[in-house]
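There are 2 protein chains.
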Amino acid sequence: MQGITLFSCSFFTLTIIFLIHYTFFNLPSPPPDKAALLDCPAFSPWCNSNTLLRRGPKNPTRHLHSSAVPHHPLDPLTIKEINKVQAVVKSHALFHNQIYAIHSLVLEEPEKSVVLAWKKGDILPPRKASVIARVKDVSHVLTVDIGTSDVEVHEMSRVSGYPALTIEDMISSIRAPLSNEEFNRTIIERGVDLADLACLPISTGWFGKREDNRRLIKVQCYSVKDTVNFYMRPIEGLTVVLDIDTKEVIEISDIGKNIPIPKAKNTDYTFPAQNGHQLKLVNPISLEQPQGPSFTVEDEHLVKWANWEFHLKPDQRAGVIISRAMVRDPDTGKLRNVMYKGFSSELFVPYMDPTDAWYFKTYMDAGEYGFGLQAMSLVPLNDCPRNAYYMDGVFTAADGTPFVRSNMVCVFESYSGDIGWRRSESPITGMGIREVRPKVTLVVRMAASVANYDYIVDWEFQTDGLIRIKVGLSGILMVKGTSYVNMNQVNQEESLYGTLLSENVIGVIHDHYVTFYLDMDVDGSENSFVKVNLQKEHPSPDESPRRSYLKAVRNVAKTEKDAQIKLKLYDPSEFHVINPSKKSRVGNPVGYKVAPGGTAASLLDLDDPPQRRGAFSNNQIWVTPYNQSEQWAGGLFVYQSHGDDTLAVWSDRDRPIENKDIVLWYTLGFHHIPCQEDFPIMPTVSSSFDIKPVNFFESNPILRIPPSMEKDLPNCRAAYSA
Amino acid sequence: MQGITLFSCSFFTLTIIFLIHYTFFNLPSPPPDKAALLDCPAFSPWCNSNTLLRRGPKNPTRHLHSSAVPHHPLDPLTIKEINKVQAVVKSHALFHNQIYAIHSLVLEEPEKSVVLAWKKGDILPPRKASVIARVKDVSHVLTVDIGTSDVEVHEMSRVSGYPALTIEDMISSIRAPLSNEEFNRTIIERGVDLADLACLPISTGWFGKREDNRRLIKVQCYSVKDTVNFYMRPIEGLTVVLDIDTKEVIEISDIGKNIPIPKAKNTDYTFPAQNGHQLKLVNPISLEQPQGPSFTVEDEHLVKWANWEFHLKPDQRAGVIISRAMVRDPDTGKLRNVMYKGFSSELFVPYMDPTDAWYFKTYMDAGEYGFGLQAMSLVPLNDCPRNAYYMDGVFTAADGTPFVRSNMVCVFESYSGDIGWRRSESPITGMGIREVRPKVTLVVRMAASVANYDYIVDWEFQTDGLIRIKVGLSGILMVKGTSYVNMNQVNQEESLYGTLLSENVIGVIHDHYVTFYLDMDVDGSENSFVKVNLQKEHPSPDESPRRSYLKAVRNVAKTEKDAQIKLKLYDPSEFHVINPSKKSRVGNPVGYKVAPGGTAASLLDLDDPPQRRGAFSNNQIWVTPYNQSEQWAGGLFVYQSHGDDTLAVWSDRDRPIENKDIVLWYTLGFHHIPCQEDFPIMPTVSSSFDIKPVNFFESNPILRIPPSMEKDLPNCRAAYSA
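Chains A and B, in that order, give the protein sequences.
With numbering that gives the first Met the number 0, the residue at position 520 of the first sequence is 519, and numbering never jumps.
With numbering that gives the first Met the number 0, the residue at position 159 of the second sequence is 158, and numbering never jumps.
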């Protein structure tokens, strides 16, 4: 009976379809046209956006991946290159005739010096792949030379942890409990049809011996009956602990049997489900560019816009990587280096509920799930405006087969009505001056759906040299079932660990920390980090009628510990990355500053296991010397790690950072106490921080831009179909 | 000779033209058509935007002020009403045959209960004017009943300070030093032609006896030779202390004779001055609404957009006042009260230089200069997008004559490409869900040019119930002359009090604090203020493998001192204004929270005279019981006040605030260490804070809005002229 029910269940059908997608190339008969499956223009099932979108315009940007070749030393691996690496790995002694899984197969970027020396037209440096694979419970890190097929197996220091889950790990884990009778019995006892089950693979974290020596995952389940939003229908208290590799059920914790499953009513957020009750609040509005966008994307990855130029690529772990960001100096006309590489390195999302089914929810989304792997295809017109350019991700399945995540990143110009600079002379002077310049920016966007949450990550480039890095949170809360239907049933002393959002639904309090890696190269690689502290001074009464004022005091950080920064509102500083050997005309060191925002700080005890693993959130700012192996703030192997390879561990080595190639790390933080408005889907909440020129330009770099003029604006008709 | 030079000087000609504008009705022969002069559509010289704009489209919104009548109890005084009040005042015993000046003549808003009870169609409550006037060195506050001509003279408690400067005070003050020989001699000795002089009227603040018992102003001057941007050419160290009323020169401090006046080169920011070197970075981009904007402005002041409705008016002191902000509940279809009144109440801008010519620069722009009075006409297409609606200010000159500040406020819809909410199902579940809703907002904007600075104030309404209040800083720095041309000349020990921006130019460090009055009425007037503190808890080892988590602990503020909030990153709280007698369906009190941003805190000593006057910046958040007389955070009379009538003084009375009609105060703060990019005009820097529904709606209020669809978007041609 179970088998039949399962088979007829639409949710599992979808899961199986997906599983088939990701393991397609393992099936005995390959698809008839591999090229068509991999190239998004062909609308193959691999191009998930095209097949799954129910509406919307045609795919705006088309790429031919099957014939793609690299053009830049930092270009991601092409399908051909991945296929080559897959073959090399398969035949390598370590893997030959073994069952193995490839957890990561990406470009091994050339040495920084090689990339900096490379110019368009030069031949590319040797293309290499970095592969993380597991065979017989051992993680291996390999370098594969794609040209020569040479394989270098790296000796790994004995750090804890495992590579990120593969999609196959996740999908097989959520299916595994169904082969356990006790699990099926409790599901049925709770009144849930097995056909209505939706389960999530939840990283266990690491809390001690229990999580040592094998890959574990906790599976929790929901009822998908009568709603796509199963997240609002938890089967509370039921946790299955699985061995990921063997799929053995190690433990079933089943403590919430008395807690009802919340109702489906009012949880479905899809547009068709609102039938008859749609709320049309505004007329159509659109960003229109009669002469087309002002940016180009050369060779698939090199973005040129206004005074900016940078390399952009999707990444399975980081999501989006910006490299070689350079801005044109308006005085010299020359491009100047700003940032060698920037990306979201790790996330840390601890939930604030210490009870059995919740304490371990302390996600590290990039290293555990793959922040890019979870970034789904963007929806044209809604995720990004009309004139957006879309970039696909080319990733690999667990067997090394490449697949295309179409429309994973978009690039568009934005104008919100904001002002770049302005000046009206005041009535005091009576001068008739009204000079205003609108602000137009370029946005690079991706949106990752890490289980319930949707993270929108924007890199916004401004013509004045500023880069704003913004993270928006939307999607669905992780909620907890409860027997309460009204707060009047709750004893004042009792902690709900969150907010009662609807009948039987608690939104659990949690934090989000997103740590960015920013390898700043301000006019060159050798930089220093300077704290410009605003210190209070007290002039004597005969010096001044003032009793106090603030003075800027500069302190150059000598070593890493000087640059472990906790922000202080009552002892404020600016934080500059300067080039100590390059001065402006009047003698200021050229620099960029990080302008904080989203300043929520992690308050967990430093020795709390989740905080040890998420120790990169101990400070808002860190600076480390450049080290190609220190890119992932939670460590290379985050899953079940003990926190022995984090940014905090590296930084505590206290290496010299003055006049060195340095990396700046900034953590955007959010405390989130849910409220009813977050139910059943959250309006976006955003925070951002800026990296901003400070004495980098001789003067305002957008002084000479023109105002908008009526003659340049479009003449629009009422509707596209008109 | 002086007279002739003066007369030939274009700057003073302009000043005089302006003076004539503002005193026009005092001239023996009135203009031929008063109506034409006051109604902006007629492009009269009073409509400064129309005459002074060198380019740009026609005035997009036309208003007939001469025939305007009030429609709403909160509508500002009409021209007819002001004329009536002017006549009543003139004939009143206090002023008859006296020389007097009207510093403020505005609507005296009816009692809150009367406004709340009023419905469209009801007759208006009696129209009254509140008048602040000075005669024979005494400030009077009057209420004039416009219908009956009754005048009530208010007994003022003995608070210190004077009313805001009039434009006439400012213009006459900057002319006065020219009649002083010593002043003229030193100007000429410094090599400045008197014809090239531009001076600013600088509030003296209050530092003790010297500033007692008479209205004082400090005049500092600049050379306007070869640049409109005279602010970059200070005649450093020269300060003239004037009696504002008598124009007597009390003191000339002349200590900077050795400091050269910085060169004009590269300081002019006007577009024609860039001739041949314009920097075109982007193609035209425009917000287009093929079916037109989604908002209406009824009866000149009532804005209706999407699910919002509010009353909007310009104000001479506050700039913009938002009243009766209500949002429609998507479940009931009913409008619900959010905020009775919100406006920027005061600014505090202390400079961080204790020396003779700088220590007193501690501006309070609303109470000293009039934040609305300094808000000039917005520039269509550049200050606000194409479809903006413009609202004029109707203000009064010192003799009570009304004048029109055209296009002072704009209202427009914005879409930047941001996302209202989104959900992609992750590859884990394999469900083909892609639901995204774009974010469209409504912005109310003004831009005040308080001497050198341009403050852009935005009230941004979101469909999800959030109001974002954003202040942007642009315009021109207040700079200090120096003999240094390069930092290599500066001894490391020496403090410049700022940054060397260009040869001989120092940008002086300063702060900005903008304090907002927010009379929240969440579903009614009786509200409470709740701190929701995130406290760290430590479970015991047998309770949980976790060692720490955060718990939300609610504390209702009983009295004002409970609500004097300094933000703490390491002891975080949310700050809710709730209605304790209104609960959501599941029993949470309905509320709005203030979500801080721009959190720079004033660090000056509490007993430093400027900080005593700007004591409203001692905390970021305050809550006071509603009191119609407590609206101006720095006191009713701010000019030379001693700080005896500030928000801090009121709050220290520690009145009960639980379940009362309460007012929330929030201060946006900025520390500003200038950098070369701020020269010669600053790219906009913005900060914002939000007031945001928290359990106010039963669920996400924009769940049911539709996505954008291709068919609704406009079909645009390349250019308007094409």
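Each hint should be verified, as a subset may be incorrect.
Since the list can't tell identical chains apart, any single copy or any two copies may satisfy a pair.
[What the hints assert, rightly or not] Straight-line alpha carbon distances no greater than 30 Å define the calculated DSS-like cross-link-like pairs of lysine-lysine that follow:
| id | residue 1 | residue 2 |
| --- | --- | --- |
| 1 | K535 | K262 |
| 2 | K659 | K264 |
| 3 | K89 | K256 |
| 4 | K469 | K565 |
| 5 | K333 | K264 |
| 6 | K256 | K565 |
Simulated from the structure, these hints should not be mistaken for lab results.
For each hint, the structure was consulted:
1. K535 to K262: neither (58 Å within a copy, 33 Å between copies)
2. K659 to K264: Neither way: K659 and K264 sit 59 Å apart in one copy and 37 Å across, limit 30 Å.
3. K89 to K256: Neither. Shortest intra-copy (47 Å) and inter-copy (82 Å) distances fail the 30 Å Cα cut-off.
4. K469 to K565: Both: 20 Å inside a chain and 26 Å across chains, each within 30 Å.
5. K333 to K264: Answer is between: at 22 Å across copies they meet the 30 Å cutoff, but 60 Å inside does not.
6. K256 to K565: Neither. Shortest intra-copy (44 Å) and inter-copy (45 Å) distances fail the 30 Å Cα cut-off.
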